[in-house]
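Protein chains in written order, with full-length UniProt numbering: chain A, 1 to 348; chain B, 1 to 348; chain C, 1 to 348; chain D, 1 to 348.
In case anyone wonders, no lab produced these hints; they're calculated from the structure. Because the structure is a prediction, the values reported are computed rather than measured. It cannot be assumed that every hint is accurate.
Identical copies look the same in the list; a pair holds intra-copy or inter-copy alike.
[Unchecked claim] When the alpha-carbon atoms are kept at most 16 Å apart in a straight line, the in silico EDC-like pairs for lysine to aspartate or glutamate are as follows:
(1) 43 to 68
(2) 255 to 175
(3) 255 to 114
(4) 54 to 270
(5) 284 to 267
(6) 54 to 258
(7) 284 to 261
(8) 6 to 31
(9) 284 to 270
Number of protein chains: 4
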Amino acid sequence: MTERIKCAIVGASGYTGQELLRLLLVHPQVELVAATSRQEAGKPLSAVFPRFRKLPGAELPFMEPDPDAIAATGAQAAFLALPHGVAAEIATALLERGLKVIDLSADFRLSDADVYEEFYGHPHPAPALLDEAVYGLPEIRAGAIREARLVASPGCYPTSILLPLIPLLEASLIDPATIVANSMSGVSGAGKKADVSLLFCECNESVRAYGIPKHRHLSEIEQELSIAAGESVVITFIPHLVPVNSGIATSTTAKLTEGIDPAAIGEALESAYGDAAFVRLLGKGGCADTKNVTRTNFIDIGWAHDARTGRVILTSAEDNLGKGAGSQAVQSFNLIFGLPETAGLQTA
Amino acid sequence: MTERIKCAIVGASGYTGQELLRLLLVHPQVELVAATSRQEAGKPLSAVFPRFRKLPGAELPFMEPDPDAIAATGAQAAFLALPHGVAAEIATALLERGLKVIDLSADFRLSDADVYEEFYGHPHPAPALLDEAVYGLPEIRAGAIREARLVASPGCYPTSILLPLIPLLEASLIDPATIVANSMSGVSGAGKKADVSLLFCECNESVRAYGIPKHRHLSEIEQELSIAAGESVVITFIPHLVPVNSGIATSTTAKLTEGIDPAAIGEALESAYGDAAFVRLLGKGGCADTKNVTRTNFIDIGWAHDARTGRVILTSAEDNLGKGAGSQAVQSFNLIFGLPETAGLQTA
Amino acid sequence: MTERIKCAIVGASGYTGQELLRLLLVHPQVELVAATSRQEAGKPLSAVFPRFRKLPGAELPFMEPDPDAIAATGAQAAFLALPHGVAAEIATALLERGLKVIDLSADFRLSDADVYEEFYGHPHPAPALLDEAVYGLPEIRAGAIREARLVASPGCYPTSILLPLIPLLEASLIDPATIVANSMSGVSGAGKKADVSLLFCECNESVRAYGIPKHRHLSEIEQELSIAAGESVVITFIPHLVPVNSGIATSTTAKLTEGIDPAAIGEALESAYGDAAFVRLLGKGGCADTKNVTRTNFIDIGWAHDARTGRVILTSAEDNLGKGAGSQAVQSFNLIFGLPETAGLQTA
Amino acid sequence: MTERIKCAIVGASGYTGQELLRLLLVHPQVELVAATSRQEAGKPLSAVFPRFRKLPGAELPFMEPDPDAIAATGAQAAFLALPHGVAAEIATALLERGLKVIDLSADFRLSDADVYEEFYGHPHPAPALLDEAVYGLPEIRAGAIREARLVASPGCYPTSILLPLIPLLEASLIDPATIVANSMSGVSGAGKKADVSLLFCECNESVRAYGIPKHRHLSEIEQELSIAAGESVVITFIPHLVPVNSGIATSTTAKLTEGIDPAAIGEALESAYGDAAFVRLLGKGGCADTKNVTRTNFIDIGWAHDARTGRVILTSAEDNLGKGAGSQAVQSFNLIFGLPETAGLQTA
């Protein structure tokens, strides 16, 4: 057997960190050598996450997020599950120490530091790295990811919106000015923080929109849609919180370009994703359901055409912690290190 | 004290029937004299719905849905919670016997029998009554409802979409060709039927779109929007099922008419609903949450304006069994019989 | 119409306070004149609880919990939904000012100040009042409650355990040394506090015991069981948290006294509760379900006999915020003020 | 790499069948060669379970449950996820054709055909095999399982009750006449059948006992407890349904044997399970939580001692579809075929 790749998770005590632990502890080509958490430093993973007890590696103690200490473990790659602003700083330090970095924060997703400041409210902490960072959608940019030192793993909402739309925009099948996306996210998307509005009794039996009209994720969504469309695109995006632990369902609609046969939608999706390991096409009339993708790296995509309005409807479903965060980051990691794309990710 | 109005519920064993029972058993101006169910005939209400035991009236036995027998109870009004097609027939028979009828099915919601046949797949069973039936949105048509013999109480999705949009269309504030509505409904909206796809384990931890692109409720939605707009309107409507017992959250978007000040949106809503007993305006930036309206007759409405796209976003929340079905029917009943609009409906 | 009784709720911003607001805002014989919350003082009820908007009385502003200010509103009765220790102090002050007090905390439930200190970890703050306080189980002590100035409204777990057991112990039908009670509570029982362990994602899809082997509620449970049995009783009590908003299901078992016909169980329950407005007997083999009692003042009780082990099994279900807290307090209030026991409580 | 063992799943369309598919499709030493379902015969697994699409093996078509056809696939082992009564017949046929059989039904769990008839209501369909069948609790009978042709994999409730109790009874630490077990099960335990009582709206926000006082699983529970105690044991067992997809939490109590130091409880558990791959001891005061074991083969066990009553309290948590069904069957399979006990089961 080949040697395992030594990995670190920086910021491993939240929900995304827990998902990365879940995946990397049992990834056949990975040896987890470091997991950091200021709050839990010194405790074994298993004490903080009883779910991991008696799994190999679960007695690894959390450490402080010190770049030198992380590098000293021999880690070759680091996954960052940190708040924006904080991630950029440690990414810089780890890159200097020779690690590959897969950053799950928003810090390197935007190529334009001004847009970052507009949406995140502070100057970009490491603008020099923006050119180098690769926006980590493996289905769109596998080649660049394979060569990357620094991958900016996409946000959960963006992944669910971008993958259905990009092939259609690239083929000019829809009118970019008419895009409306509605997403429903599980509560883990809001993070693991002591906040009354996230209590069980406040979220259970509750459905609500939030963050309108200018959710932060719009910045990366529109950046990537603009690239695909070859023109500047702005969209309407309405996120909702629904009472499930994880999962995002997204319904997107846009006008079919005049003169286009609706069947071209299915063909463009098939051409883009027919062979993709983690995109499952449900065909015309298929509606994606989050229950089929939770705890996997799959994204399911269905579509319909409404002849009455001339609009295309796309439904997609992914796990916000999986394809929307942790497992998509592992998919990029696999590409960077030349592993099979599906390594450690073929579960149901 | 004034005499109570004798009421019947026809088709009282499903979820809408149960909601009507819940409301009418304790309505201070109502005496429930009949509740029908072919399946449960002969059993007391309390045996079928243990939740009602030891409430006054709960020992009333279910009876067969026979129009003569219903009329013989002295019922002055009948609420029909029956499947479409079935409702029209019994409505006809009860009207002939002098009862007022509040029909919660789709049978009398459409003024055009051809549209009915297009959306419901069979010829309309009582087209002669279509002219007379009043589409029962009390906030829009209180006057007509007060005079009605036959009220077609609106569907759950339509109520949540129409109330926010009608004032805006009437004032030409938005472009009707750009309307996109996404709704998330609790599972009770699918009815109480033995169907594997509605099992707890199939719906819990699941979010999914369904019924696209041409859900039946589009027919009444577009009929009423067209009246408000003064022109023929078609919209894109995407319903979703989310794991809550009841409640509908709807997010609707449309382009603001060129040259209109966004503040006009708030003013139009305020002007239409500021004094409405059961519409609560959340103002600019407010997002409606189903948890605030379940088991009530309230609908909450918030709005936002996205300057980047020129679109208005409206969020609304109601109980699909309440304002979307049972309690809205009681609101119409109150109007028909000259009771305070809020009689029996002021609970939290 | 008779004049309404002026009421205050002290500590109205938590889940129990919210339930009291829900009940008292629409209680036909109550005028809510004061609701206190240090945190929310100055804001109208409707701003803190959007669910109450447009209900009569919902614009009342929260006030500070100052006894003089409360008395100045003309309040004749005060409901205290405060932490133990805090409640006793304000109860004393309000009693001095002539109000009747219904205390929903644990402060006056125990007649023995030493037991209080043992279970609550601090000396009793107002031992002089212990003799006077009436343990407010209306089905057991309606007479004393009618005469009381100070009612100690029982805890949620105790109510669900005591009501089934007391008639059996009074008739010596079961062996008190063999009692084992298991309860499953909705998450609202843990209160409305910003605590990671109460987040949606931590409670959803989770079932767990906690607080063993000596939950605080054991003190009042055993006090009341001992009175019923005429001897000192200790029991095993295992509480669990389950992912529902509200509701407690309790399953209790004990050995049938030798020589007793099992049918005597049903007879004793029937004799005790056949005419009780809020106890519903499900008979032999009936299993209580929380879904039938949520948001009501009902407690449902079923029983079974296991000939193989000689044990009786009692199942009960109530709403932890209703019969286990808010509505039971209102039931006592009704008795104190000579209202019908069911006033304001007959809903489903 | 060694050759994979060819496996069949008979009755693969229910919840237990789906769990077996989930495990065996990705088990590194298994090749799934057959999955049967009368209802779905001819369809690929992926069409019935969209969750499995694009996993290796997911295009295998369901076949009829014909023993010859199953044998013709070369299957060396068959997992039976069939109703009792049906399982025995096909087990017999498959054993005759040389397959190892791991039966997840109740058909071979009881060594006494009379007890089977008493609890299951029909004569045992294959009594000749009862002597040979091994009750498949790997932590208790690994040796016999390794040699078995026919393993009767235990029920979900029994596993959660037996594993905590057996070591204590073997060491005479508790009085077997005083055992009371309360279990709370996720809804998948009721199976995937179109039944109104299992609808989302009937189970969500509901907690209830059922099946008292003589649930079928008592037969195997008491058989195994009697073996451990060396005397005939009957217990009180109260199962409950709680609104989670999967997971069982069990709380068991019994009197500590007079004169025994409570610390002996912890020691006996540690001695029995300290080295067990899939039992995790939470120690004194630890309370097991289903959320830590769902979708794993782990069972977590905590304990407490109540000096006031002299009772021991044991809490355990497992996945009813995992350690309570599918993954425990795979654990036995691993033993039978000489694989590492943890093969295919080390996930979180």
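Hint-by-hint comparison with the structure:
1. 43 to 68: Neither: 20 Å inside a chain and 51 Å across chains, both beyond 16 Å.
2. 255 to 175: Both: 5 Å inside a copy, 15 Å across copies.
3. 255 to 114: The answer is neither: 31 Å in one copy and 28 Å across copies each exceed 16 Å.
4. 54 to 270: between (42 Å within a copy, 14 Å between copies)
5. 284 to 267: Close inside one copy (10 Å), not across copies (42 Å); limit 16 Å.
6. 54 to 258: Result: close neither inside a copy nor across copies, 59 Å intra and 34 Å inter.
7. 284 to 261: within (13 Å within a copy, 40 Å between copies)
8. 6 to 31: within (5 Å within a copy, 31 Å between copies)
9. 284 to 270: Within one copy only: 11 Å inside, 42 Å across.
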